[in-house]
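Visitor: Those sequence lines, one after another, are chains A and B.
If you count by this note's numbering, then the first sequence holds residues 1 to 110, one letter each, in order.
If you count by this note's numbering, then the second sequence holds residues 111 to 503, one letter each, in order.
Do not take every clue at face value.
[As the list claims (entries may be wrong)] Below, in silico cross-link-like pairs of lysine-lysine (DSS-like), each with a Cα-Cα straight-line distance of 27 Å or less:
{"id": "1", "chain 1": "A", "residue 1": "Lys-66", "chain 2": "A", "residue 2": "Lys-88"}
{"id": "2", "chain 1": "B", "residue 1": "Lys-113", "chain 2": "B", "residue 2": "Lys-160"}
{"id": "3", "chain 1": "B", "residue 1": "Lys-298", "chain 2": "B", "residue 2": "Lys-158"}
{"id": "4", "chain 1": "A", "residue 1": "Lys-10", "chain 2": "B", "residue 2": "Lys-315"}
{"id": "5", "chain 1": "A", "residue 1": "Lys-25", "chain 2": "B", "residue 2": "Lys-315"}
{"id": "6", "chain 1": "B", "residue 1": "Lys-477", "chain 2": "B", "residue 2": "Lys-491"}
{"id": "7", "chain 1": "A", "residue 1": "Lys-88", "chain 2": "A", "residue 2": "Lys-25"}
{"id": "8", "chain 1": "B", "residue 1": "Lys-298", "chain 2": "A", "residue 2": "Lys-10"}
{"id": "9", "chain 1": "B", "residue 1": "Lys-332", "chain 2": "B", "residue 2": "Lys-298"}
{"id": "10", "chain 1": "B", "residue 1": "Lys-488", "chain 2": "B", "residue 2": "Lys-424"}
{"id": "11", "chain 1": "B", "residue 1": "Lys-158", "chain 2": "B", "residue 2": "Lys-113"}
{"id": "12", "chain 1": "A", "residue 1": "Lys-25", "chain 2": "B", "residue 2": "Lys-332"}
{"id": "13", "chain 1": "B", "residue 1": "Lys-399", "chain 2": "B", "residue 2": "Lys-491"}
{"id": "14", "chain 1": "B", "residue 1": "Lys-298", "chain 2": "B", "residue 2": "Lys-360"}
{"id": "15", "chain 1": "B", "residue 1": "Lys-113", "chain 2": "A", "residue 2": "Lys-10"}
[What the hints assert, rightly or not] Quick partial rundown of chain B residues pointing at chain A, CB under 7 Å, derived from the structure:
{"id": "16", "residue": "Phe-208"}
{"id": "17", "residue": "Arg-209"}
{"id": "18", "residue": "Val-297"}
{"id": "19", "residue": "Ala-299"}
{"id": "20", "residue": "Leu-310"}
{"id": "21", "residue": "Ser-314"}
{"id": "22", "residue": "Thr-318"}
{"id": "23", "residue": "Ala-321"}
{"id": "24", "residue": "Asp-323"}
{"id": "25", "residue": "Gly-334"}
Note that these hints are calculated values from the structure, not bench results.
We treat Cβ as the ideally placed atom computed from N, Cα and C, and that holds for glycine.
Below are the chains, spelled out letter by letter.
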Amino acid sequence: MRSTRLPGWKELPRGGVILDAGNAKEYMTGEWRSSVRPKWLPEKCIHCLFCWVYCPDASIQVVDGKMTGIDLEHCKGCGICAKECPVKTKAIEMVPENEPRARATGGETT
Amino acid sequence: MSKRVALTGNEAVAHAMRQINPDVVAAYPITPQTDIVQYFSQYVADGKVKTEFVTVESEHSAMSATIGASAAGARAMTATSSQGLALMWEMVYITASFRLPIVMPVVNRALSGPINIHCDHGDSMGARDSGWIQLYSEDAQEVYDNILQAIRIAEHPDVMLPVMVCQDGFITSHSLENLLIEDDDFVKAWVGDYRPDRYLLDLSKPLTMGALDLADYYFEHKMGQAMAMRGAGKVVEDVAHEFAKRTGRKYGFFEEYRLDDAEVAVVVLNSTAGTARPVVDSLRADGVKVGLLKPRMFRPFPAQEIAGALEHVKAIGVMDRAESLSGIGGPVFPEIRSALYDACERPAVVNYVFGLGGRDMGPRQLKQIYEELVRVAKTGKCERLVTHFGVRE
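Make a model of the complete structure from these sequences and hints.
Guide: Structural data, given as structure tokens:
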């Protein structure tokens, strides 16, 4: 996780390079999401992982080949996962950002 | 051993590039830089260099490919002029922000429009705030020497910034001149092997370049660039000192000519300084105390040193071969004038915009400028702050 004190210019590597692998995860970009967020309905999910394939970010969380939730710290709310979900009654639906997040929706990161 | 040869400014650049033998050159021909690319590609075809020569489809690609090669860990060069530099623009800034030590000869030519192929400094002066070190050269000898020094300056661990080496289009680039060149072994040893501490193809230490940098980091990275530029002057000085020890040819931030006791001085870059020198001599012979200051390093701008060299002068004419279209003259003028703000007895500093689009500046015209400056020094009054010299009303 990012520390609260950001490094000064002398501490940063030359030329704005990033020396650590995979640290984009520490950069919380979910706050860029506009007005809607995906809501996962685990009881309807068939774990086809279409959403994981189509997500233009890496916000679909999968453990051992099973969908476990949506990483809202990085999801931009594009809605592609909901559109591509093949379940007729949709296992992912887009809901207004101001709808309270219920724990029952599963792996949403809070 | 130095050897005396006759080369044009462009041949001198191509010759230096052959001796440097960069890993990669990606370049696109443009007047009046064309010879550089032509001669260098011949060296590649003849197997005189081991360089991977990339024939790109535009200057944006030339700079991009040079950046890519340099980021990957190669010693990479390109060369351009005018519209070519303009087309590179986006990537020129990125080169500097990535802190890639790319050396780029720039053959100064007027920018469109109207379209024109002849010399003025509008192209490189436009790039003065792009984060590149800029060295200006009076003649083929200085072009050659500046290129050799630029490699050492750019790649110095305290600098790691790109360098433009500028010369006057056609006037210098296409004139055959007598100059001393060093032998291949000297240049090979002088530039040494390029060993970057970090590069993309170092698989043992992976890194990311060019990542998004928002309000929380951008300022710190710009500060790093600004401080590297501020400190680069010391390295330019050290490299010049070592170069003088090895070759006998001396360079500084600028050249002073008969300036010590001068009451009137002209400040001018590149080839016009060569035209001004005999004018200074002839006026001196008539007892008029005139001098000349020719900046070599424009970025970083050696404000304190220039002020120190000029503050005893009564009237200074800053000659700009570029129009900033700012309403207050050319780009060199405000920097020199501002450098002198803290002088105890502030000299009168006026601006002469001249030679745009290749219009000639000869000894007769320079004499006229010196005579005007003598009048300013005597009366303490200047009629005009900015004069567009030689333009038809």
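Visitor: For each hint, tell me whether it holds in the structure or not.
Guide: Hints, one by one, checked against the model:
At most 27 Å may separate the alpha-carbon atoms for a hinted pair to count; Lys-66 of chain A and Lys-88 of chain A meet this at roughly 19 Å. In summary, the hint linking Lys-113 of chain B to Lys-160 of chain B is supported, as the alpha carbons are separated by about 24 Å, within the 27 Å threshold. For the hint linking Lys-298 of chain B to Lys-158 of chain B, the alpha-carbon distance of about 14 Å falls within 27 Å, and the restraint holds. Distance restraint check for Lys-10 of chain A and Lys-315 of chain B: the Cα-Cα separation of roughly 21 Å lies within the 27 Å cut-off, and the hinted pair is therefore satisfied.
Only pairs whose Cα atoms come within 27 Å are accepted, and Lys-25 of chain A paired with Lys-315 of chain B is accepted, the gap being roughly 19 Å. With a C-alpha separation of about 19 Å, the suggested pairing of Lys-477 of chain B with Lys-491 of chain B holds against the 27 Å cut-off. Pair hint Lys-88 of chain A plus Lys-25 of chain A does not hold up; C-alpha atoms about 32 Å apart against a cutoff of 27 Å. Straight-line distance between C-alpha atoms of Lys-298 of chain B and Lys-10 of chain A comes to about 34 Å, which puts the hinted pair past the 27 Å bound.
Distance hint between Lys-332 of chain B and Lys-298 of chain B is unfulfilled; the C-alpha atoms sit about 34 Å from each other, more than 27 Å. Note on Lys-488 of chain B and Lys-424 of chain B: the hinted pairing holds, with a Cα-Cα distance of about 8 Å set against a maximum of 27 Å. Between Lys-158 of chain B and Lys-113 of chain B the alpha-carbon distance is near 19 Å, which keeps this suggested pair within the 27 Å criterion. This hinted pair checks out: Lys-25 of chain A and Lys-332 of chain B have alpha carbons roughly 24 Å apart, not beyond 27 Å.
This hinted pair checks out: Lys-399 of chain B and Lys-491 of chain B have alpha carbons roughly 18 Å apart, not beyond 27 Å. Taking the CA atoms of Lys-298 of chain B and Lys-360 of chain B, the gap is near 20 Å; set against the 27 Å cutoff, the hint holds. Restraint check for Lys-113 of chain B and Lys-10 of chain A: the C-alpha separation of about 45 Å exceeds 27 Å, so the hint is violated. For Phe-208 of chain B, the shortest C-beta to C-beta distance to chain A is roughly 5 Å, which falls under 7 Å, so the interface hint holds.
About 4 Å separates the beta-carbon of Arg-209 of chain B from the nearest beta-carbon of chain A, less than 7 Å, and the hint is met. The beta carbon of Val-297 of chain B is not positioned within 7 Å of any beta carbon in chain A (closest approach about 27 Å), and the interface hint is therefore violated. About 27 Å separates the beta-carbon of Ala-299 of chain B from the nearest beta-carbon of chain A, more than 7 Å, and the hint is not met. The criterion of a C-beta within 7 Å of any C-beta in chain A is not met by Leu-310 of chain B, whose closest approach is roughly 9 Å, and the hint is violated.
Interface restraint check for Ser-314 of chain B: the shortest CB-CB distance to chain A comes to about 12 Å, outside 7 Å, so the restraint is violated. Evaluation of the Thr-318 of chain B hint against chain A yields a held restraint, the C-beta minimum of about 4 Å falling below 7 Å. Residue-level restraint check for Ala-321 of chain B holds (minimum Cβ-Cβ distance to chain A is 5 Å; threshold 7 Å). For the restraint placing Asp-323 of chain B at the interface with chain A, the shortest Cβ-Cβ distance is roughly 6 Å, inside the 7 Å limit, so the hint holds.
This hint holds: Gly-334 of chain B has a C-beta 5 Å from the nearest C-beta of chain A, less than the 7 Å allowed.
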